[in-house]
Amino acid sequence: METNRNVFVIAQKEFADNVGSSKFIMLMLAFTVVVFSKSYLLGIQAEYDIFSRFVDVAQIIALFLPFIGITLGFDAMSKERESGSLNVLLTHPLYRDTIIAGKTLGAMITLALVVFVSIIAVVGTMLVTSGAELSSLMLNRFLIFAILTYLYLSIFMAIGILSSIVTKNARNSLIYNIAVWLVLCIAFGMIFTTTASIITGHKPLDLDDNDHFLEVNADIQKLSPGHHYAMTVSGLPDLSWLGISSERPNVRGIFDTEYTLEQWWGELWINVLVLFITPVFLLIMAFLTFLRQDITKNMG
Amino acid sequence: MENSQDISGGSKTGNENILEIRNLTKQFGKQGEIVAVDSLSLDVKKGEVFGFVGPNGAGKTTTMKMLIGLLEPTGGIGKVAGFDIVREIINIRKVTGVLPEPAGFYDNLTARQNLRFYAKLYNIEAGIREKRIVELLDMVGLNGAIDQKIGGFSTGMRKRFGLAQALINEPEILFLDEPTSGIDPKGAQMMRGLIKQLSRENDVTVFLSSHSMSEVEEICNRIAVIEKGKLLAVGTVEELQDMVREKEGVQYILEISDISLQDAVEKLSEIDGVFETRIRDGVLHVHADTGMRFEIAKSIKLLGGTVSRFEEDRMDLQKVFLKLIES
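Chains L and A supply the protein sequences, listed in that same order. Per UniProt numbering, numbering of the first sequence is gapless, rising by one per residue and ending at 300. Per UniProt numbering, numbering of the second sequence is gapless, rising by one per residue and ending at 327.
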């Protein structure tokens, strides 16, 4: 009971630190401006069907919003270790798992706020500029879209937290996280196409007899969180640069109103499951690593 | 169970011990080849200021970490305020305050906000919490900086804030690791004054680790000297001085007249129990066994000399410490 209460005490502080930090505010501001501009352009061109081109917004989210997830996690523990505040925190009546749980919860709450603000900004701008109305059917789909986005971004937040535990300092952690973001979000399409081409010996743009190449290509693609997010929200196998894929689900993502939500789930549930399991797995790894680490060696 | 009996056995002497350790050991390395703390046994009485001194790497911080539950001992047992140092860590932390070295705080928060956060970890009711924050910051002389961010504090202010932080839960026992390191003499004096005040007025037991012998001598009731993880000696400053005197002998300073100093040196050198006699700045320095005072005075008188000054050169703690380490 007392442990649970202290998880919330730490989470509350972490949340306040996050939303008050200049780096977070700057990133959030920059992202909101980009999303607002894109939504505005889509809204004025959409002519009452604002969701048909929602994939463009989803692409911006898939490519750039993970950086906010990283920002929330990359220095969660390393910052405390470097400043010596972990030394002091550990002398108060807290178990180590309370500390990591509180920090994770604080970051998760901040992330929920980020997703909420982003979605409101996108939908609000598009609705106002297009003059379209939001039906309850679409509201449900937006809610699911928000949850999917949250799960996707949680993966990067969890990578950030894990990295903040295993790296020496916040600077190293940030560098590793930027590398992970570049590989998984920006350049993964190019990387997996190249990898598949090397493995199969097939040129990517050669359309003859390319079944094996496309098969390998599709398998490698599954390693990226971006693939599972892209499939569930847009029905596209990849939203990063220069990706090629043969995988085409019938349901074109969560906003494909020709299909019911049951049909969407029936075809894409595995991708949803991966989006759910991956952050949980990464957070468990982060917890176990932190619990096993000698965090007192900088003390005295 | 057996372990608990051992420790409570120690308490039956009538002294109210707030900290008791028996054969506390900490080994590092795959095969335990590095022995940081080696069968350490200690008692600290309630209300005393206990100094824990030793050279770098002696095992002071490792011992302290074990006492506050940050490291699990490899062997031995220990109790702090009646709680087992392995099984009852959280209970120990509820009744202890710690100022570790190095100590970091949340630089982006003010002194008040920092203390509020720590107070919340003890579920201190809001009204009491806010009052205590003001009282503590006032006590450590930071009332003028209560709403200033910690990031702008000087080293001395941070140390004093650290002390306020350690007192937020009104601890029974305070662990201070190098509380005056890195601060100027005035700040160090203020810190020492605060520690004495806490012990005197608030009945807080203080377990203090320090490199500064003058500091330990000034504020501690009893002192333990540790080296290579082993306890070399424990007692009051006088008891430690006596221990060294017993082992190493005493330095007497004599001012004499009516005879030549050289004659006196030659005469004193013949006495059993006098190790060395030297002339320095016109006075005699005699290194002898304890209890030789009468013999020395008698020999000078037999030579026809007059002793106008005969005093023992009392060793300060710094010298005692060095002698203990050397021996």
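No lab work stands behind these hints: they were computed from the structure. All figures in this text were calculated on a predicted structure; none of them were measured in a lab. Even glycine gets a Cβ: it sits at the ideal position worked out from N, Cα and C. One or more hints might be untrue.
[What the hints assert, rightly or not] On the chain L side, residues computed to face chain A include the following (Cβ under 10 Å):
no.: 1; residue: Arg5
no.: 2; residue: Gln12
no.: 3; residue: Ala16
no.: 4; residue: Glu82
no.: 5; residue: Ser197
no.: 6; residue: Gly201
no.: 7; residue: His202
no.: 8; residue: Pro204
Hints, verified against the model:
no. : hint   : verdict
1   : Arg5   : holds, 7 Å
2   : Gln12  : holds, 8 Å
3   : Ala16  : holds, 9 Å
4   : Glu82  : holds, 8 Å
5   : Ser197 : violated, 47 Å
6   : Gly201 : violated, 48 Å
7   : His202 : violated, 50 Å
8   : Pro204 : violated, 49 Å
Checked against the numbered hints listed earlier, the structure breaks hints 5, 6, 7 and 8; every other hint is satisfied.
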